[in-house]
Amino acid sequence: QITLKESGPTLLKPTQTLTLTCSFSGFSLKTNGVGVGWLRQSPGKAPEWLALIYWDDDKRYTPSLQTRLTISKDTSKNQVVLRMTDVEPADTATYYCAHRGKYPILNAYYHVFDHWGQGTLVTVSS
Amino acid sequence: DIQMTQSPSSLSASVGDRVTITCRASQTITSYLNWFQQKPGSAPKLLIYATSTLQDGVPSRFAGGGSGTDFTLTINGLQPADFATYYCQQTYRTPQTFGQGTKLEIK
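Residue numbers (my numbering), protein chains in the order written: chain A, 1 to 126; chain B, 1 to 107.
Hints were generated in silico from the structure; no laboratory data involved. One or more of the hints may lead you astray.
What the hints assert, rightly or not - Computed from the model, here is a short list of chain A residues facing chain B with C-beta under 7 Å:
(1) Pro47
(2) Arg60
(3) Thr62
(4) Leu65
(5) Tyr96
(6) Ala108
(7) Tyr110
(8) Val112
(9) Asp114
(10) Gly119
To be verified - Quick list of in silico lysine to aspartate or glutamate cross-link-like pairs, DMTMM-like style, CA-CA up to 25 Å:
(11) B:Lys39 / A:Asp74
(12) B:Lys103 / A:Glu48
(13) B:Lys39 / A:Asp57
(14) A:Lys45 / B:Asp70
(15) A:Lys13 / A:Glu88
(16) B:Lys39 / A:Asp56
(17) A:Lys102 / B:Glu105
(18) A:Lys45 / B:Glu105
(19) B:Lys103 / A:Asp114
(20) A:Lys102 / B:Asp56
(21) A:Lys102 / A:Asp114
(22) B:Lys103 / A:Asp91
(23) A:Lys5 / B:Asp56
(24) A:Lys45 / B:Asp1
(25) B:Lys45 / A:Glu48
(26) A:Lys59 / B:Asp1
(27) A:Lys45 / B:Asp82
(28) B:Lys45 / A:Glu88
(29) B:Lys45 / A:Asp114
(30) A:Lys5 / A:Asp57
Built from N, CA and C at the ideal position, the CB exists for glycine as well.
All chains, full assembly: derive it from the sequences and hints.
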């Protein structure tokens, strides 16, 4: 059974650095094809994809936030960490981590976020 | 970024109705289209991936279709548990992007 849970601060001031931890179980980030992503959702808005880290430590970031984001993993602890620098009120959102699953389709594999954490609300306010 | 546009933004329907939600991509995404269901206070739940494949445990009244730039999510015989917000998502190009959502409400 795959589970993920986000943890981190609930309130930050503008310009501070946000560090979120995703603790997971039921899979290994050493397994070929597996990844863990971070997404966020502002109230009343659609989810926004932020970053993704793969089993081989390859990383991807959304271009609009790339200079402020760092994703990393600790496979021994089954954790993925997202760091966002210089936060502002527009970064107020519920932050989710999600498991990137791998599904066989035809002669290839299809990847999709199939399990999500419960989310953690982060508020940025002075 | 690939823009995803859903229609309608909101929809009122009754239990037992058949409803269809449309999602359009700003460029071709072949079949790299997923659908999520979200209820208030909960994380999005994967319903359909690769345009038309139901995730394990998802009732067969849900169906996905389309290809290229135009996609649909159809729910046949709405149940009370289906009233929620639905999002499409493309995974063809990074950054993955979502539609703005369709809120399905009880009439």
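Evaluated hints:
1. Pro47: Status holds, d = 5 Å.
2. Arg60: holds, 5 Å
3. Thr62: It holds, given that the least Cβ distance between A:Thr62 and chain B is near 4 Å, below 7 Å.
4. Leu65: violated, 9 Å
5. Tyr96: holds, 6 Å
6. Ala108: At about 10 Å, which exceeds the 7 Å cut-off, the nearest Cβ of chain B leaves the hint on A:Ala108 violated.
7. Tyr110: holds, 5 Å
8. Val112: holds, 4 Å
9. Asp114: For A:Asp114, the interface hint holds, since the closest Cβ of chain B sits about 5 Å away, which is under 7 Å.
10. Gly119: Because about 5 Å separates A:Gly119 from the closest Cβ in chain B, which is inside the 7 Å limit, the hint holds.
11. B:Lys39 / A:Asp74: At roughly 32 Å apart (the allowed maximum being 25 Å), A:Asp74 and B:Lys39 break the hint.
12. B:Lys103 / A:Glu48: holds, 18 Å
13. B:Lys39 / A:Asp57: violated, 33 Å
14. A:Lys45 / B:Asp70: Holds. A:Lys45 to B:Asp70 sits at ~22 Å (cutoff 25 Å).
15. A:Lys13 / A:Glu88: Holds. A:Lys13 to A:Glu88 sits at ~8 Å (cutoff 25 Å).
16. B:Lys39 / A:Asp56: violated, 34 Å
17. A:Lys102 / B:Glu105: The given pair, whose Cα atoms are some 33 Å apart, is violated under the 25 Å limit.
18. A:Lys45 / B:Glu105: Holds, because 17 Å separates the two Cα atoms, which is no more than 25 Å.
19. B:Lys103 / A:Asp114: Since the Cα atoms of B:Lys103 and A:Asp114 sit roughly 21 Å apart, the hinted pair holds (cutoff 25 Å).
20. A:Lys102 / B:Asp56: Status holds; Cα separation ~13 Å.
21. A:Lys102 / A:Asp114: holds, 9 Å
22. B:Lys103 / A:Asp91: Holds. B:Lys103 to A:Asp91 sits at ~24 Å (cutoff 25 Å).
23. A:Lys5 / B:Asp56: holds, 21 Å
24. A:Lys45 / B:Asp1: holds, 17 Å
25. B:Lys45 / A:Glu48: Cα-Cα ~15 Å, so holds.
26. A:Lys59 / B:Asp1: holds, 18 Å
27. A:Lys45 / B:Asp82: holds, 19 Å
28. B:Lys45 / A:Glu88: violated, 28 Å
29. B:Lys45 / A:Asp114: Roughly 8 Å between the alpha carbons, so the hint for B:Lys45 and A:Asp114 holds.
30. A:Lys5 / A:Asp57: Within the cut-off at roughly 20 Å; holds.
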